[in-house]
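Engineer: Sequence:
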Amino acid sequence: MSRSKAYKHLIATNDGDDAPRNVAQCQYRCQKYLKQRRIANDEALLYKHVMFIEQSIVPLAILFHDYKKERSHNRFIQIINYEIPEIGKNCVLITDCEDALKNAFHSYYPNVEQLRCWNHLGKNIKAAAKKYFLPAEQIVDVNEEDTSVFFKKRKEIINKLMDTIINLFRELSKRDFINQYNIVSQAWPTRFRDWFNNNLYPKIDEIGGWSSRHRNIFNEMSGVTNNRVESLNVVFKKWLAWKELSLDYLAQIFYLVNGFYVNECSIFGMFFFVTFIGGYHLRQDYYDSKMDSSLLSLVTSFSPVEAVERMKNMLRKQQTHVSEVNKTRVLGEELVSLSNSDDYDDVTENNEVTYDDIAEDIEISNDDNKQISVSSPSLSVIRNFQRKMLTNNARANLLNEQELVQFNSK
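When you line the sequence shown up against the working numbering, it's residues 1 to 410, in that order.
Don't read these hints as lab results, they were simulated from the structure.
All figures in this text were calculated on a predicted structure; none of them were measured in a lab.
It cannot be assumed that every hint is accurate.
[Claimed, not checked] Okay, derived cross-link-like pairs now, DMTMM-like style, lysine to aspartate or glutamate, Cα gap no bigger than 20 Å in a straight line:
#1 Lys203 with Glu113
#2 Lys130 with Asp176
#3 Lys69 with Asp96
#4 Lys123 with Asp163
Using the sequences plus the hints, can you model the full thing?
Structural biologist: And the structure:
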């Protein structure tokens, strides 16, 4: 559903106090409404290419699933584990703490260390602080001026609380964190302390700086983040913001973009000593990975912007073709009259439709304009057309005959 349709639906179904009051509320409600009506979700698993000094972010695999259930993620990671079991040797997984993905990764890669992104973590802590540390329900019988003062003071208190918690996460060891936490948490409200103990304390090793400093992925200011991954997600989200995009076209775009990154890495590695292309520099440790130009194999690909533009042009052509076909179909339907007369009785004794029966219902005039005039087919002819589905065996045989199925001998 496009944003314009969502907006019309919201305006038509919300009256009085529930109606959106400004542009920001309209945008928020449109996003929320479209998210609820979304029939599929997409998640991208990306990795940092350590062979280059810039450590570029490259898409590894993309998952389309209807519900965010652990079953979908299990199948997703199962395929990745079958194709790339080496991930479990020397990799770190940074997530926004989606339990389904974390559990699936732990099932197939039990030795992979999992860390949490501080950006998403900060949003969760701030939401919990507004709910449990200093809730808005404390305002009772105050005027508008007092309310604005309260929310301003509340914001300052929550920001100070956030700084305190982030400093706890920056401790050099888990023992130092525990000592400081026992002192600081005494001043917290019971509800907020219980939330912290139930949600963050059991997984503190995924958050604390002592778990990531030795891997050189910890920033003393921002901690552990997946900012560079989010920057690529912004590109993906722009595709979804373009009205309606079917899953098959979205999958084609992802495929073309993945090929773009594969080609980039191959070209940059080969031309390291020749010229500077695109901003990637091969690290000295991986000079032995350079290849001769004659061995370079590239795939058909386009940059993210080019892929979207090509898909838009393709869809525009398809929509134009479909509209022309629909006009022809409507014209044919208008010419077909489903009358109850018995003037047509062109069915054979076996109650089967013959080619002569159909030919009699279509008269083609050979004038200069070569127009086709369609007369009304008989009701008996219409009734004898039946839609049939392929069985599973027939479908499998058809795919096998067309060599669309490959069997892995492993």
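Engineer: If a hint holds in the structure, say so; if it doesn't, say that too.
Structural biologist: Cross-check of the supplied hints:
1. At most 20 Å may separate the alpha-carbon atoms for a hinted pair to count; Lys203 and Glu113 meet this at roughly 12 Å.
2. Taking the CA atoms of Lys130 and Asp176, the gap is about 27 Å. The hint is violated against a cut of 20 Å.
3. Simply put, Lys69 and Asp96 have alpha-carbon atoms about 16 Å apart, close enough for the 20 Å limit, and the pair holds.
4. A threshold of 20 Å between alpha carbons decides the hint, and for Lys123 with Asp163 the separation of about 13 Å falls inside it, so the pair holds.
Comparing the model with each numbered hint stated earlier shows that hint 2 is the single one that does not hold.
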